[in-house]
Amino acid sequence: MSLAPFGRRRGVCASIRKVGSYHLLELVDRDGPDPEPGQFYMLAAVSGWGAGTDERPFLPRAFSAMGGTDGRLWFMLEDIGPGTHRLARLQKGEPLWLTGPLGHGFRMPQDGRRPILTGGGVGVPPLVMWSQHLVEHGVARTLQFGFRDTSHAAVAASFDSVQIATDDGSVGHHGLVTDLLVRELDRDPHATVYSCGPPGMLEAVRRLCVDRGIPAQLALESGMACGFGACFGCVVPLVDGSYARVCVDGPVLDATALDHVPAH
Amino acid sequence: MPPVDFCGMELAHPIVNGSGTFDAIAAHAVFGDALHEHFPFAAFVSKTITIAPRAGNPPPRLWETASGMINSIGLPNKGLAGYLESDLPKLAALPVPLITNVMGSTAAELCELVAACDEQDAIRAIELNVSCPNVKTGLDIGADPVSLAEVMRAVRPRTRKPLIVKLTPNTADVALVAAAAEAEGADAVSLINTLRATAQKPGASGEPWLGGVTGGMSGPAVRAVALAQVSAVAARVSIPVIGMGGVQRGEHAAQMLRAGATLVAVGTESFRDPAAGSRIARELRRLLEP
Ligand SMILES: Cc1cc2nc3c(=O)[nH]c(=O)nc-3n(C[C@H](O)[C@H](O)[C@H](O)COP(=O)(O)OP(=O)(O)OC[C@H]3O[C@@H](n4cnc5c(N)ncnc54)[C@H](O)[C@@H]3O)c2cc1C
Ligand SMILES: Cc1cc2nc3c(=O)[nH]c(=O)nc-3n(C[C@H](O)[C@H](O)[C@H](O)COP(=O)(O)O)c2cc1C
Ligand code: FES
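As given, the protein sequences belong to chains C and F, one line each in that order. Going left to right, the first sequence walks through residues 0 to 263 as numbering that gives the first Met the number 0 numbers them. Going left to right, the second sequence walks through residues 0 to 289 as numbering that gives the first Met the number 0 numbers them.
Hints are not guaranteed to be accurate.
Unchecked claim - Computed footprint of chain C on chain F; a stretch qualifies when at least three of its residues, placed anywhere within it, have a C-beta under 8 Å from a C-beta of chain C: (1) 29-39; (2) 49-61; (3) 106-120; (4) 142-148.
Said to hold, decoys possible - Derived, one-sided and incomplete: chain C residues facing chain F with beta-carbon distance under 7 Å: (5) 227; (6) 231; (7) 242.
Calculated from the structure, these hints are not laboratory results. By construction, the Cβ of each residue, glycine as well, lies at the ideal position given by its N, Cα and C atoms.
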């Protein structure tokens, strides 16, 4: 796990562009360490943070790294509320606050299991970074993403050998990305599943993998205030009846440890 | 800015953390030794410890408001034994004095907690979180001067360490409660704790958003309320006051000091800026030494 420099620091928006329904954000983070796949950052605009609907956002927002080297960081976000709305409107050269890299990322598959990376929506970024890491280490991977429609699926056009599912059937498989996962697991269950996406999808992946005894690492999302273990706000329920903080115990957690993936 | 004397502790500056808003152990794992080298607070206040371990409330636990937030965390903690065994050795290694915050629903529970803290050299002062319903009356102990006085009479003899009473703002007359704490031997009072608040799920259901149904409001949205309560309490008691509620900048800390506080605690702002404590201390220094 890469340690974060203490405190928040100023990054600069190097570029931002829209690909279909998503925004791809490139930041300059000159003094920061490289993130590991699955780690995330807390981001906030320096100005105009709090100027959205209901005078929000107030707190910084969590975003998974999609990549990061040589003082550059990449993120992908969807405008779904005041925080993402403000970030999507960053101008080139505009400063923003960032804290990170935070949390524990993905771990290599054991026992020669093949990695299957199954994601959806804004769960794409950490899996893209993990996929790249695996490829660089000579590990063959299966990559599958689910999207709502063509406009959301557009972001996947630049990824190598990826299976796509869409809710409306406009691209790839007409149905859920978990259908594609079932197909892969039926074909060869000697696998480790890596997953990130909306709660309903993650819960389906968790059940599927736990039922079949297949190791799965789930990158979770949760409402966060701090991102570094201070507020105890970001918890998810574990099978032992306790709660884990997604920000410091995760965001990547083993499917077998989780009781369920909460809907929020 | 000269060092501050607080209940016999010499503190490098007047900025501490609000209980439950900074986990120095988790933060050390995230930020490494840089945290200890640039520790943001002049003393560290632990999160609330109870006798038995608590898992805390079911999620969701957070709701963001205009300029603030509501939390319904539910005081998760390892319990007294777990705290003493696994957390205290790590907190004792912090570069600043340790204040341990405890909560019980009866005088007997609070006595046990305070007596246990009294035996620990690493604990320099004890803060009583009295925002807990009295099992007999159902009222928060700290909302009622009579029930607070009763609890203080039982607890005060259990320790010679400084006892700080963390007052709840959810009461008719906070200065009256502060006066009761002082009369029964409190060495200091701290305020404000969070204001009771709730939020509904987005949409038309009207159902509560928070797993714990209600929670506590904090952040800049409560700052003006906090300033009024700190002023009222400081005017009423002669023991030191720790002022908090929505402090984000040195100027806000200076306002708390002008209202009569000896120390200022930073809570929610640390979520936005992990090093907020040192930034605010720096800004305050500039304001006080022009
Ligand atoms: C580890 C991690 C990694 C993430 N990575 C990414 C990523 O790579 N890309 C990406 O686009 N997103 C990512 N997210 C999700 C992103 O952080 C959230 O979608 C973001 O916080 C939304 O903020 P907003 O202000 O735009 O929306 P909000 O208005 O905050 O809405 C987001 C959700 O929060 C709830 N909500 C609504 N109002 C409130 C309120 N007042 N208070 C509290 N909750 C409310 C609702 O369930 C709503 O659907 C990640 C989250 C985590 C925890
Ligand atoms: C997430 C969160 C957890 C808290 N936990 C505790 C706690 O365990 N014990 C306590 O006495 N106060 C607790 N508080 C209250 C704070 O210490 C402080 O009194 C309050 O938040 C006001 O200060 P602020 O506006 O600077 O946050 C908590 C506050 C927040 C936001
Ligand atoms: S976001 Fe604050 S503890 Fe996880």
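Tested hints:
Remark: the region 29-39 of chain F is confirmed as covered by chain C, as 6 of its residues place a Cβ nearer than 8 Å to a Cβ of that chain, reaching the required three. Coverage of a stretch by a chain is defined here by at least three residues with a beta carbon nearer than 8 Å to that chain's beta carbons; for the region 49-61 of chain F and chain C the count is 7, and the condition holds. For the region 106-120 of chain F, the proposed coverage by chain C is not satisfied: 0 residues have a C-beta within less than 8 Å of a C-beta in that chain, short of the threshold of three. Using a Cβ-Cβ cut-off of 8 Å, 0 residues of the region 142-148 of chain F lie near chain C, which falls short of the minimum of three, so the contact claim is violated.
Because the closest C-beta pair between residue 227(C) and chain F is about 5 Å apart, less than 7 Å, the hint holds. Given the 7 Å rule on beta carbons, the hint for residue 231(C) holds: about 5 Å separates it from the nearest Cβ of chain F. Taken as an interface hint, residue 242(C) checks out: its beta carbon lies about 6 Å from the nearest beta carbon of chain F, inside 7 Å.
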